[in-house]
Every structure is written in structure tokens, then in C-alpha cells.
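Colleague: Take a look at the letters that make up each chain.
There are 2 protein chains.
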Amino acid sequence: MNSLKHKIISMVEDDLADIEASLKQNLNPYLDLVFKTASHILFSGGKRLRPLLMVLSARICGYKGNYDKTFSTIFEYLHTATLLHDDLVDEATIRRGKPVANAIWGNSIAVLVGDFLFARSLSIAAETGITKVIKIMAETAEAVSQGEIHQLMRKGSLVVSEAEYMKVIRNKTAVLFQGACHVSSLLADAPEDKEIALSEYGLNIGMAFQMRDDLLDYTSATSVLGKKVGADLKEGKMTLPVIYSLKNTSPEDRIVMERIIKNNDFSVQEFETLIQMIIKYGGISYTENLAAEYVKNAKDVLSVFNHSKTKEILEDIADYTLVREL
Amino acid sequence: MNSLKHKIISMVEDDLADIEASLKQNLNPYLDLVFKTASHILFSGGKRLRPLLMVLSARICGYKGNYDKTFSTIFEYLHTATLLHDDLVDEATIRRGKPVANAIWGNSIAVLVGDFLFARSLSIAAETGITKVIKIMAETAEAVSQGEIHQLMRKGSLVVSEAEYMKVIRNKTAVLFQGACHVSSLLADAPEDKEIALSEYGLNIGMAFQMRDDLLDYTSATSVLGKKVGADLKEGKMTLPVIYSLKNTSPEDRIVMERIIKNNDFSVQEFETLIQMIIKYGGISYTENLAAEYVKNAKDVLSVFNHSKTKEILEDIADYTLVREL
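From first to last, the protein sequence lines stand for chains A and B.
In case it helps, the numbering used here puts the first sequence at residues 1 to 326.
In case it helps, the numbering used here puts the second sequence at residues 1 to 326.
No wet-lab data here; the hints were simulated from the structure.
Be aware that a few hints might be false.
[Unchecked claim] Lysine-lysine pairs mimicking DSS-like chemistry, simulated, CA-CA at most 27 Å apart:
1. Lys167(B) / Lys24(A)
2. Lys132(B) / Lys24(A)
3. Lys167(A) / Lys36(B)
4. Lys280(B) / Lys36(A)
5. Lys247(B) / Lys36(A)
6. Lys132(A) / Lys155(B)
7. Lys64(A) / Lys135(B)
8. Lys296(B) / Lys234(B)
9. Lys135(A) / Lys135(B)
10. Lys135(B) / Lys36(A)
11. Lys194(A) / Lys234(A)
12. Lys24(B) / Lys132(A)
[Stated by the list, open to error] Taking beta-carbon pairs under 8 Å as the criterion, some of the chain B residues facing chain A (in silico):
13. Val34
14. His85
15. Val111
16. Ser145
17. Asp300
18. Leu302
Where a beta carbon is used, it is the ideal one built from N, C-alpha and C, also for glycine.
Start from the sequences, fold in the hints, and give me the full structure.
Modeller: Rendered as C-alpha cells:
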């Protein structure tokens with residue numbers, strides 16, 4: 001475990017324990033199978049980054065109520081719902097080192113339990129009685145589904161632009177982080193400048209988070225990541241490290257790169273060759289630098305808040321998105 | 001077209017045209033493919049019963065605003081989202097005489113466009129600023145997903161009780177009708193007695209609607225229904241006509257019935273034999289009578305409203321659920 005992660009966890013241990021308990025308590029289906037399927041993916045070592053961000057966002061806005069832990073489940077349930085549907089869409093077999101839910105219970109159960117989690121999430125959000133919370137949730141869910149569809153439509157295409165990639169990751173990932181931080185500021189009845197700051201903070205770390213995710217597919221070992229390295233490419237998913245390198249490659253190397261990318265069944269050796277070219281043409285460093293810019297923005301917008309332990313943790317979490325290993 | 005249907009349609013022609021326009025206008029995705037996929041199922045000859053009930057429910061409570069047509073899309077979008085997911089779950093091939101969306105665009109698109117429709121539905125509901133509307137929507141969506149899962153879990157089982165059947169159809173179908181009528185009373189800011197009446201009306205016609213649906217699988221010709229007759233049984237779905245008849249059959253006839261039910265690939269002749277036994281042991285008439293009771297309840301609870309053209313249409317719609325052919 002790297003030291004930043006260690007530091008963050010030590011500062012939020014109690015919060016994480018409360019979040020874990022809340023995720024169990026609020027699930028509440030009448031069918032055991034729903035509990036079992038949802039638990040399989042919900043309690044499989046997720047980082048709880050979204051609920052943690054919600055608790056911290058409410059706290060930095062001075063929230064003193066006792067609904068924050070319950071409330072923090074809404075974006076984790078929503079996120080888990082999208083994971084259940086994504087695993088089916090991506091035809092993934094492993095998530096976090098375990099077989100995906102649809103491989104165990106079938107596509108139908110995975111889809112319907114995802115729907116249930118979405119509905120639960122909504123029920124808990126509705127309890128706040130804050131209409132703007134619901135609007136943000138709805139917009140988030142619209143963006144996520146469209147981002148996923150957009151990505152799916154571009155599957156297998158080699159001509160994805162950087163702008164298109166940015167639009168996809170914003171919709172499929174970043175708006176969820178944005179929504180999580182934003183709604184928590186509303187729960188805390190924060191003034192508008194703080195509401196905007198947290199919304200921007202969430203959006204920016206969400207962008208960095210997804211870029212790091214896409215980098216890890218080219219830099220991490222399978223055993224650490226809990227899924228197969230090179231999986232994105234095998235699914236036909238073009239991400240920034242490849243998009244950038246392909247744009248800057250020599251005509252000769254482009255031929256080599258495209259041959260590997262187009263081959264859904266490339267060997268480990270071929271993948272190594274591709275990674276060397278991505279490094280050579282700057283795809284890794286470009287993505288790292290861009291992610292770092294987003295993290296800088298995320299920390300900058302927090303300037304509306306006075307220094308506090310909570311602010312420090314939010315800054316650390318921003319930095320952590322750049323160095324996380326899984 | 002039977003005469004009751006003709007009468008209802010003649011009385012709500014303008015409303016239906018407005019609803020149709022509203023369903024098109026409010027869809028609003030940024031991706032063409034989403035519009036295309038959603039339109040394939042949304043504009044394929046659906047009866048628009050749910051949005052029509054919403055418009056009429058608001059009207060009978062004296063609603064005078066101009067949001068009712070937009071608002072009426074929310075349960076049609078939600079309903080359509082569940083259809084997209086159900087067709088995947090049921091492995092259906094035809095709906096309303098057309099190939100299902102997942103057969104054309106694949107399971108992934110069907111799942112994600114369903115998610116998008118759910119989110120759109122929520123966005124439009126959130127515009128009202130009425131928290132209770134959102135709560136009801138969330139509860140409805142929770143019930144529907146659990147009802148579907150429940151049904152799926154009992155697939156292929158011959159020992160489904162009448163009580164379990166009732167619970168499944170209440171969750172998967174009736175709460176949606178209930179929710180549609182209930183939220184419209186809230187949009188109209190109706191007094192509590194009228195709110196309760198419309199909620200009960202919706203629940204009761206929803207139960208009758210699903211029973212009629214299940215009856216049609218045994219009484220209708222394929223060409224009329226737009227899907228294959230006997231499809232429920234081939235999917236391993238036990239519905240009330242069969243459940244009731246199996247309970248009352250003679251030991252000898254039970255052997256014949258069970259043999260046909262267990263055979264996923266029964267012939268037209270075998271299906272005819274089964275239908276004769278269902279008739280003989282009262283499964284058809286029992287289901288018809290029970291559905292008629294629910295319709296009677298639905299009309300009785302409307303007694304809190306004075307006579308009006310709108311009330312007459314709601315009564316006619318209740319009667320129509322018993323005689324509809326598709």
C-alpha cells in the first residue's frame with residue numbers, strides 16, 4: 001500500500017466503517033437473491049471513494065446532521081448499478097479479482113439487480129426532500145448511460161479523437177464524481193460558491209481518476225489490477241495513451257501499432273511492443289501530465305474553503321487519483 | 001377494434017395526439033442511436049394507457065396547469081425502460097409484431113438505452129419539485145425490478161402458489177399503474193381522499209390488466225397478440241390460468257398437463273390439449289372472474305369523484321382491461 005493511501009485511510013477509518021455499515025443496512029431488498037447478487041459486487045473490495053467524497057464534501061460545508069452516511073450510499077449504489085450493467089456490456093469476466101455477477105447469476109439477474117440498485121439509490125436520495133439532488137442524480141444517470149453508449153458505438157474504431165475521448169470519460173465517469181460532491185454540498189445547504197467549488201472538484205478528480213484507470217491498463221500487472229491487462233484494447237476501447245501515440249507515431253511504427261490494435265487476440269509480446277511504442281510517442285507521459293492538470297484544478301477550486309483536516313483529506317484524495325495502483 | 005376501445009379513443013383523441021408529441025419531444029438524447037433505439041420500442045404501437053391514465057388522473061383532480069402532457073411521459077419512459085430490459089431477460093424475439101431491440105442492436109445497447117430512459121423519466125419528474133413524486137417513482141422502480149427477479153427465480157417451477165403469483169404481478173405490473181395515477185393526483189395537488197382513490201384505482205386496474213395479459217396467452221391467436229401464443233409457458237412462466245387449473249385437476253389429467261408444461265418445445269396440438277384442460281378445470285373463468293373483481297374495486301373507489309366525462313373515461317378504461325384483445 002503506498003504511503004498516501006495509508007495516510008488517507010488512517011484519517012477516515014471511522015467514516016469508512018460507518019459507510020460500510022450503511023451500505024449493508026440500506027440495501028433492504030425483499031428477495032435474498034437480490035441481497036446476494038448486490039453484495040457480491042458491493043462488498044468485493046471497492047475503494048468507497050464516492051461515498052467517502054460525499055461524507056467529506058458534506059463535512060467541509062459544515063454539515064452537522066446524521067443523514068450523511070445513509071446519503072453517501074446513493075452514488076455507490078448508482079455506481080454499482082452501472083458496474084453490473086457495464087460488465088455485461090464489456091463482456092468482462094473478472095472484476096476486482098472475482099468472477100463478474102453476470103458470469104455467476106446470468107445476464108438477466110445482473111441487469112435487474114442493477115435496476116434495483118438504481119431505484120434504491122433514488123429512494124434514499126428522495127428522503128432528503130431536496131429536488132435539486134434528484135435533478136443532479138437524473139442528469140448524472142443520463143450522462144453515464146449516454147457515455148457508455150457513446151463508448152460502445154466507437155468500439156473497434158481507430159479514429160477516436162482526443163476530444164471525443166474526453167467527452168466519453170466526462171460522461172461515463174467524471175459526472176458521477178461531480179454529482180457525488182455536488183449533492184453533498186446541497187445536503188449541507190452550502191452557499192453557492194462552495195456548491196460550485198465542490199461540483200468542480202468532483203468533475204476534475206473524476207477526469208483524472210478515469211485517465212489513471214486507462215493508464216493502468218498499460219502499466220500495471222494483471223495480479224495487481226484484478227483484471228486482465230490490455231483488456232481495454234481487446235474490447236476495442238481506444239483510450240488516451242493510445243490515441244495520443246497513434247497521432248504522433250511515424251508512418252512505419254503506425255503500421256506496427258495498428259496491426260496489434262486491430263488484432264483482438266494479440267500476444268503478451270505484441271502487447272509489450274505496443275507499450276514500448278506508446279511510451280516512445282509520449283502517450284503515457286501526455287496522459288499523466290493531463291491528469292495532473294485536472295488534479296491541480298481540483299485542488300485550486302478548494303481555495304474557497306479555509307484550511308481544515310477535511311480539506312487536507314480532499315486534497316490528498318485528489319493527489320491519490322494520480323498514484324493509485326488499482 | 002371493439003366498441004369500448006373505439007369509444008374511449010374517440011373521447012381522448014386530442015390527448016393521445018399530445019401525448020405522442022410529448023413522448024417525441026422530451027426524449028432528447030445527444031446520440032442519434034439512443035433516439036433510434038428508444039423510438040423503435042416507444043413508437044411501435046403502444047397503447048399509451050399509462051400516460052393517458054396520468055393525464056386523466058390529473059384532470060379529474062382539477063389540474064389546470066400545462067405540465068401534464070410532459071409529466072405523462074415519465075411512466076411511459078419508465079415502462080419502456082423495463083420492456084427493454086425484460087425482452088433481454090425473457091429472451092423474447094418479437095414485441096408488438098416487430099423484432100425486439102436487443103435482437104437488432106444487441107443486449108448492451110438495449111440495457112443502456114433502458115438506463116437512459118429511466119434517467120430521462122426521473123429528470124422530467126424532478127422538474128415538478130414534488131418530493132413525494134420521486135419517492136413513489138423510486139418505490140415503483142424497486143418493486144418492478146424485484147417483481148421481475150422474483151418471476152425469474154420461479155421460472156420453470158410448477159409449484160407457484162396463487163399468492164406468489166399475485167405478489168409478482170402486483171410488483172412487476174400493478175404498482176406501475178398505481179404510481180402513474182398516484183403521482184398525477186400529486187401534480188394536481190389533490191386532497192388526500194382523492195389521492196388514495198386514484199392510487200387504489202391504478203393498483204386495481206393494473207392487477208386486472210396483467211391477469212388479462214396472462215389470459216390472452218391462452219386465448220388469443222398469434223397474429224392478434226403480436227407475439228407467440230404459449231410464450232409464457234415456453235419461458236417457464238406459470239400464470240394464474242395454469243396455476244388454478246393444476247390445483248384442481250384430477251391425478252390423471254395432472255400427469256398430462258405437467259408433461260406438456262415441462263416440455264419447453266410443446267407442439268401446437270399439445271398446447272391445444274393443455275388449453276382444453278385449463279378450461280375444463282376452471283383456470284380461464286377463475287382468472288376472468290378475479291380480474292372482474294379488481295375492475296369492480298377500481299370503479300368503486302372512484303366514488304369520491306362527482307360524475308364527469310373524465311370519470312366516465314376512467315370507468316371505461318377499467319372495463320376495457322377486461323376485454324382488450326392486445
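Colleague: All the hints need checking, so say for each whether the structure fits it.
Modeller: Structure-based check of each hint:
no. : hint                  : result
1   : Lys167(B) / Lys24(A)  : holds (25 Å)
2   : Lys132(B) / Lys24(A)  : holds (25 Å)
3   : Lys167(A) / Lys36(B)  : holds (21 Å)
4   : Lys280(B) / Lys36(A)  : violated (42 Å)
5   : Lys247(B) / Lys36(A)  : violated (32 Å)
6   : Lys132(A) / Lys155(B) : violated (41 Å)
7   : Lys64(A) / Lys135(B)  : holds (24 Å)
8   : Lys296(B) / Lys234(B) : violated (32 Å)
9   : Lys135(A) / Lys135(B) : holds (13 Å)
10  : Lys135(B) / Lys36(A)  : holds (25 Å)
11  : Lys194(A) / Lys234(A) : violated (42 Å)
12  : Lys24(B) / Lys132(A)  : holds (25 Å)
13  : Val34                 : holds (6 Å)
14  : His85                 : holds (5 Å)
15  : Val111                : holds (5 Å)
16  : Ser145                : holds (4 Å)
17  : Asp300                : violated (29 Å)
18  : Leu302                : violated (28 Å)
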